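Protein chains in written order, with our numbering: chain L, 1 to 225; chain F, 1 to 274; chain V, 1 to 295.
Be aware that a few hints might be false.
[Claimed, not checked] Derived DSS-like pairs (lysine-lysine); straight-line CA-CA distance at most 30 Å:
#, chain 1, residue 1, chain 2, residue 2
1, F, Lys5, F, Lys77
2, F, Lys105, F, Lys24
3, F, Lys105, L, Lys153
4, F, Lys141, V, Lys15
5, V, Lys125, V, Lys33
6, V, Lys75, V, Lys194
7, V, Lys125, L, Lys197
8, V, Lys194, V, Lys71
9, V, Lys242, F, Lys180
10, F, Lys141, V, Lys221
11, V, Lys194, V, Lys119
12, F, Lys24, F, Lys5
13, V, Lys75, V, Lys33
14, V, Lys119, L, Lys108
15, F, Lys141, L, Lys153
16, V, Lys119, L, Lys197
17, L, Lys108, L, Lys191
18, L, Lys153, F, Lys106
19, V, Lys242, V, Lys30
20, L, Lys42, L, Lys197
21, L, Lys191, V, Lys125
22, L, Lys191, V, Lys119
23, F, Lys141, L, Lys172
24, V, Lys221, F, Lys180
25, V, Lys119, V, Lys75
Since the hints were derived computationally from the structure, they do not count as laboratory data.
If you're wondering where the values come from, they're calculated on a predicted model, not measured in any experiment.
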Amino acid sequence: MRLAAFTQIIVTLAVTAWVFILPTEAVATILVLELTLLLYIKHDQMTLAAIGGLAVFTGLMVLLQLLFGTPLLQSLIGGLRMLVMTMAFLCLLAACRIQDIAKALVEKFHLPCEYAFMLTTALRFVPNFLLDSEITLDAQSCRGYSNRQNFIKRFLAYLVVIRPLVMRAVAKSETLALSMELKGFGNNTYKNMPPEKLNIFDYLVLLLVLAGCSFPFWQKYLTGA
Amino acid sequence: MLEAKKVNYAYTRGRPVIFDMDLKIGDGEFVALLGHNGSGKTTLSRLFMALCHPRSGEILVDGEDAAAAEPADLADKIGYVFQNPDLQILADSVYEEVAYGPRVKKLPEAQVKEQVEGALAAMGLTELRDSYPRLLSFGQKRRLGVAAAMALCPRTLILDEITNGQDALEIEGMMAHLDKLNREQGVTIVLISHDMDVVRRYARRAVVLSSGRLVYDGSPAALFDGTRPLEQWGLRQPAVCSLAASMDVKAATVEELCELLTCDKKEGGEGACA
Amino acid sequence: MTAQIAIEDFYFAYKATPPGQVVLRNINLKVDKGSFTCLIGPSGAGKTTLCRAITGIVPFYMGGRYAGDVKVLGKSTKGQRVSDIAMHVGFIMEDYESQLVSLTAGEEVAFSLLNHGFKPEEVEKRVSWALEAVGLPGRETYRLDELSGGQRQRLLLASTLAVEPELIVLDEPVSAMDPDGAQSLYSLLASIHKRLGTTIVVVEHRMDFLLPYVTDLIALKEGESVAADTFEAACPIVYADKELRPLLPTLWQIKLGLEERLGLKLNDWRSEEEAIEDMKSRGVRKKEGTGHVGS
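Could you put together the complete structure from these sequences and hints?
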């Protein structure tokens, strides 16, 4: 039984709260669950690269905290929290289609349709943008720009290439906006889509989320602390 | 001079796209590289420009192996013009755009000026030197792409589908400039195109690839004489050639064909000549 | 025949057009119901602007200065929303990639329908029909990156067809395609034109692709209409202008060239076979003592 997009968003948001209110052991358990879930849903190269990237970023964050004098344990806990929060969003994107996320954001969270549609548009055009950047870099190489330079020089040369990409993106966005206008994009876009109904599994998960979020209260009640 | 010797190429995880390719393009030639989509013509041109490297075999540019080269190393030997001119525009003026290549190569400013002015003149863009490139017409942007490639004074130009999206007048203008570069300055032109009218009219040699193999290497006139399996190779017979062949003449343009024909004089009525 | 598009004394300038200059000048033309009209002209002649005027995009979406009137299906475009006009006049622009707004084929075709309040059952039916009509049956769940360039172009046509427009305007729809892809798309368009009676207006540089199908021709030059008539009547007018002549289909350049030189009256050619047969039956032959001119 699938969870509705709304429920998945709630779970993701809940996880970002849980990293601060649950004990560290529980947060670590959540991380293991997230990794298991993510690798179960999608175990392609891109997902592994994303996990790797997040791990590296977390490591850098921990290092930075240490450099600023934060004790080791605290830095590690901070890193763990950040990793669990970002992994939650990665799980959301892997488990749920972006169109369904956008629809839930409009229906249940009353996000303006333009912002929600940005999610779909981003996913739609990122591959085109990457292809364009490849072609632009090739064109730059063919005009004498060498890839053998040091990292800084290559980075600065890459900035020159950003311009044609941005110009092209702006031109494309004008056509896209016109196309959307012609197709009647507006408040009705998500309103007329068949609504997503919550099933028993959704309600169970939502109850679990409620329990997790109210942990400090029932912990206090149970332990008398 | 460009040479491919027993070249084989495949994409990283894909099927092979070039099989045992042997091809030599001499200095000063005007070659049309033809074939259906996926025939390997763009891949072959990218191999010549060291944008990719063969799995086996050799790519020689002016006699030197390009195996260890990158495109920047060959930019003053080969000018490569991509299909989409918008993705190649980096600067705010036509002059600066064309000057990009020589400046990246750190040439003295006097030399940059000389080479840029030469490239602009060759492509008929001198009067537009201060214009904002993105506001040029599509045909002008295409010529700008060629001028930018010419700025490093390469002896060879590889042009990937540069006639796409232009009207007949713009194509005529563009091809006239390229023809002049070839005839007067001896610049080797390698033109990848689907436009058989342009090929018939301007190219002096046609190389046809089909599924990664070379299937024809000869004159465009002979290619379109009606005896080749053009459809199988993903090509079309230009209408001028079809009609010319039916009248047992050879012509590359409408004007040439009309010049070569007459009609039987009859007493008034249909078929009467003036 | 009833006119589906009627443009009267239409002048237009964009906001950025310098004062005193216009992009379209004194346009008076009609496009008949059920016609397959080709719009030609040199770059900058105003073809895209004319397409935008037919669909109400200029001046009502993009702004600009205008005079005169554009009537589509009997109603002026003035005062109508472009999305309402689009329910009757499909518009396919040159950059087809940027017009695909959704992530799957089914969602793309359904987009317009959902926005205009069609019921889900009706949407499903039309999506299925439209995809089948363009040769993409059963591909509702296909992601866009699973479709080739030609298939995406067809998908765009499907999303236009789904609203069942009376008229479809296409602005250089095949400029990025190879000849086979272009031929295939136009063949599909022609079959839709024939089966559904949809009026087609297409801007195309390579008229050779359209020769078997075109019924009417509009030629623009420097913002003005040079010719707007049936294809057979408009071609000689266009041929008379040396600058516009290369824009005609090659076969008609040859036909009109031979008629001019030899004083013949040839048939209206729609294919090479027709041309060869007609030439031979009229006694056209090669001149004595000629082999060939040029290479």
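Run the distance test for L/Lys153 versus F/Lys106: straight-line Cα separation, threshold 30 Å. Judged against 30 Å, a Cα distance of about 14 Å means the pair holds.
Pair hint outcome, V/Lys119 versus L/Lys197 [Cα-Cα no greater than 30 Å]: 18 Å, holds
Given the hint that V/Lys242 pairs with V/Lys30, test it: the Cα-Cα distance must not exceed 30 Å. Cα-Cα ~25 Å, so holds.
Satisfaction of hint between L/Lys172 and F/Lys141, Cα-Cα up to 30 Å: 18 Å, holds
Take a quick look at whether V/Lys242 and F/Lys180 sit within 30 Å of each other, Cα to Cα. 23 Å, holds
Hint consistency between V/Lys125 and V/Lys33 [alpha-carbon to alpha-carbon, up to 30 Å]: Since the Cα atoms of V/Lys125 and V/Lys33 sit roughly 27 Å apart, the hinted pair holds (cutoff 30 Å).
Given the hinted pair L/Lys191 and V/Lys119, is their Cα-Cα distance within 30 Å? 11 Å, holds
With the threshold set at 30 Å, check whether the alpha-carbon distance from L/Lys108 to L/Lys191 stays at or below it. 11 Å, holds
Would the hint linking V/Lys75 and V/Lys33 be met if the CA-CA limit is 30 Å? Satisfied, since the Cα-Cα distance of roughly 14 Å is no more than 30 Å.
Keeping to a limit of 30 Å between CA atoms, is the pair of L/Lys42 and L/Lys197 held or broken? 25 Å, holds
Does L/Lys197 sit within 30 Å of V/Lys125, going by the straight-line distance between their CA atoms? 23 Å, holds
Mind checking the alpha carbons of V/Lys119 and L/Lys108 for me, to see if they're no more than 30 Å apart? With Cα atoms ~21 Å apart, V/Lys119 and L/Lys108 stay inside 30 Å; holds.
Checked against the numbered hints above, the structure breaks none of them.
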